[in-house]
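> Here's the letter readout for the chains.
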Amino acid sequence: GENVEQHPSTLSVQEGDSAVIKCTYSDSASNYFPWYKQELGKGPQLIIDIRSNVGEKKDQRIAVTLNKTAKHFSLHITETQPEDSAVYFCAASILGSGGSNYKLTFGKGTLLTVNP
Amino acid sequence: NAGVTQTPKFQVLKTGQSMTLQCAQDMNHNSMYWYRQDPGMGLRLIYYSASEGTTDKGEVPNGYNVSRLNKREFSLRLESAAPSQTSVYFCASRGGYSDEQYFGPGTRLTVT
Chain A
1 GENVEQHPST LSVQEGDSAV IKCTYSDSAS NYFPWYKQEL GKGPQLIIDI
51 RSNVGEKKDQ RIAVTLNKTA KHFSLHITET QPEDSAVYFC AASILGSGGS
101 NYKLTFGKGT LLTVNP
Chain B
1 NAGVTQTPKF QVLKTGQSMT LQCAQDMNHN SMYWYRQDPG MGLRLIYYSA
51 SEGTTDKGEV PNGYNVSRLN KREFSLRLES AAPSQTSVYF CASRGGYSDE
101 QYFGPGTRLT VT
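These protein sequence lines map, in sequence, to chains A and B. Residues 1 to 116 (this note's numbering) make up the first sequence, in order. Residues 1 to 112 (this note's numbering) make up the second sequence, in order.
Bear in mind the hints are in silico, worked out from the structure with no lab data behind them. Keep in mind that this is a model prediction, so the values were computed, not measured. Possibly wrong hints are sitting among the right ones.
Beta-carbon label-pair distances, calculated as ranges [said to hold, decoys possible]:
(1) Leu111(A) to Glu59(B): 18 to 28 Å
(2) Ser12(A) to Arg77(B): 34 to 44 Å
(3) Asp38(B) to Pro8(A): 11 to 21 Å
(4) Thr78(A) to Asn65(B): 43 to 53 Å
(5) Lys58(A) to Glu79(B): 42 to 52 Å
(6) Asp99(B) to Ser26(A): 18 to 28 Å
(7) Thr5(B) to Glu15(A): 26 to 36 Å
Where a beta carbon is used, it is the ideal one built from N, C-alpha and C, also for glycine.
Only chain B is shown next, with the shape it has when bound in the complex (with noise of 0.2 Å):
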């Protein structure tokens, strides 16, 4: 069991480039999340999907894209990015009878 597994783990990009972040998890869980962590702001949702087939926004959702490929992918798309965009983004997942949400180990973004 890999859990959550996130790609890729470091990404530099130009203001105004696009990129997506892929997220995949082998616990057959229902519900997938994204979130931003910033310095002293904790952790933020971006984007969840409760279960395949549905998406719906978070508390930060301006600016980004998200796809509920399948059951096991959730990706999250960056179409323009800004520098207000450098951030730590994290994938979990959650499901069954655990109310237990599991973090990937986070992709590392920086916008110049």
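Chain A on its own, in the form it takes in the complex (with noise of 0.2 Å):
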């Protein structure tokens, strides 16, 4: 099955520096990555996606970029700020053409700590 690994464990950052946390998976049929963020006391969110046929994607001071052949993908957040300061999960799935019953696979977590 798949295997996603996820580095590094924990992150601390200075506020309005940027912060990059990278996986890497094993199988190459994956093609959906999305990363959440866990506040404490909540529930994982949905934060953002990319899909095997996207190098790079970019929400505000969030992207994603993916490296297909090297299987690895990464999330970079850009002047961070105190709120960021969470749990990030990536992921890693593959949609089929129904897709109605996909399974994550999660990395392990990084703890980020941005420093006021």
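Given two chains presented individually in distinct reference frames, assemble the corresponding complex, making use of the accompanying hints.
As structure tokens, then:
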């Protein structure tokens, strides 16, 4: 089955700096890569996702890049703010033609701390 | 719209006791999922239901059973709780034209 490795496990940055979290996946058939943010005491929430037919996607201060050849993808957060402090999870999946029963395989998470 | 709701929020069980975790969604989603989250382990899929009337095993199904009661509700049952099942349990749903999984607030379960 799919295996997703995520690094680093913890990341501390100063407010205004950039943060980068990296993930690798093992199954070359995976074609959907979401990133989830989990704040303390809450469930994870999708912040950005990318499909394998796209190399990069941006949404304001957040961007994700994908390298299919190397089987790795990364989350980039620019101009970090204290409210960005949370646990971030990457995931990988195979979306089929119906897509109704796909399963996500998650990385183990990165605790991001943004220091004021 | 409440989204995905889970009950209870907290539960303490003794080894060997049984209980059912409840999950409901009001988004008319077809697919529902149960995950467990342990420190340093990320989120691991226990069971999922692609649509009403179907259920399938995920990565860590041993010791659990599920029931897709109807389109809205998906319950997770622990028949004989063990300390290794101490965890935070999340329910999620997905449907429509979105690939996004929507998560509930979680149930923190402690088995002593």
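> Confirm or reject each hint.
Each hint tested on the structure:
For the pair Leu111(A) and Glu59(B), the beta carbons lie near 22 Å from each other, so the given range of 18 to 28 Å is met. The supplied range of 34 to 44 Å is met by Ser12(A) and Arg77(B), whose beta-carbon atoms lie about 41 Å from each other. Range check, Asp38(B) to Pro8(A): Cβ separation about 19 Å, and the 11 to 21 Å hint holds. With their beta carbons about 45 Å apart, Thr78(A) and Asn65(B) fall inside the hinted range of 43 to 53 Å.
Between Lys58(A) and Glu79(B) the CB atoms are about 47 Å apart, so this pair conforms to the stated range of 42 to 52 Å. Checking the proposed 18 to 28 Å range against Asp99(B) and Ser26(A) shows it holds: the Cβ atoms sit about 21 Å from each other. The given range of 26 to 36 Å is respected by Thr5(B) and Glu15(A), whose C-beta atoms sit roughly 35 Å from each other.
Checked against the numbered hints above, the structure violates none of them.
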